[in-house]
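Engineer: Protein sequences appear in the order of chains A and B.
Numbered by our numbering, the letters in the first sequence go through residues 1 to 163 in order.
Numbered by our numbering, the letters in the second sequence go through residues 1001 to 1069 in order.
Honestly, the hints are just simulated from the structure, not real lab data.
None of these values were measured; they are calculated from a predicted model.
Where a beta carbon is used, it is the ideal one built from N, C-alpha and C, also for glycine.
A hint or two may mislead.
Unchecked claim - Derived DEER-like restraints, expressed as beta-carbon distance ranges:
1) B/R1069 - A/I2: 27 to 37 Å
2) A/P102 - B/A1022: 24 to 34 Å
3) B/A1022 - A/L84: 30 to 40 Å
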Amino acid sequence: MIGFTEIVKALLGAQVRFVVIGGVAGVLHGGSRLTNDLDLCYDAAPDNVERLIGVLHGWEPYPRGWPPGLPFVLDTRTFATTPLLTLTPHLGDLDLLDRVEPIGDYAAVRDASVDLPILGVTLPTLDLPALLRVKRHVNRRKDQEAVHELEALLALRQPGATD
Amino acid sequence: MRDDVAESLGGRSREQVLADAAAYGVDISLLRAQLLRSVDERLRLLEANVTFVREARAAAARRRTADAR
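So here's chain A without its partners, still in its complex pose (with noise of 0.2 Å):
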């Protein structure tokens, strides 16, 4: 079983340009709360698609959800078809999206990030609160509990807190 560390070690190895977003950079910003999801923001332009398929392609990557055993080429016409990425490799679930609702594409997602320190490099993960406003605009079930975490971790990280 492959981790999230090795993942994403492996893509910062190949020099994909991306940005941690979802579940787990909750968890990297302080959260509690359980994902198996690696949901990354990727850059879209052609030369990181290329890094990003030669990557994904030692994991025997497959669609989430698809039946086994049917035909499936990862290509960069599948990711420029493919806004939202669901695939499951070996490694539990890995989630490609080439842009973020509200914030906007990599680029934009890049800005609204932070380089977290972790594992010896630099990790680009969404800032808290951009995930908040992430998190609030999905609007899901799950997505309302976590704002209620995420919201508590900001009040927790602001100076000149006391207790």
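Once you have looked at the hints, place chain B on chain A.
Structural biologist: Just chain B, lined up with the frame of chain A:
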């Protein structure tokens, strides 16, 4: 408080935000403990929890299969 942070918190005070979260069921002490951990530790803990859940689910599936036989 920074303007973007204040906006993110809907103009509520820090204390009110924490009270609202606690009332919703958020474990504030757990978050405090998480914030004391490094980012590395948070990621490792998440991975350990995910692995535990996956293995528990797989074991439960194996038991169901065995029971069905």
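Engineer: Confirm or reject each hint.
Structural biologist: Here is what the structure says about each hint:
1. Roughly 32 Å separates the CB atoms of B/R1069 and A/I2, a value that falls within the hinted 27 to 37 Å.
2. In this structure the hint that A/P102 and B/A1022 lie 24 to 34 Å apart at CB holds, the actual value being about 28 Å.
3. Range check, B/A1022 to A/L84: Cβ separation about 34 Å, and the 30 to 40 Å hint holds.
Consistency with the previously given hints is maintained throughout, with no hint failing.
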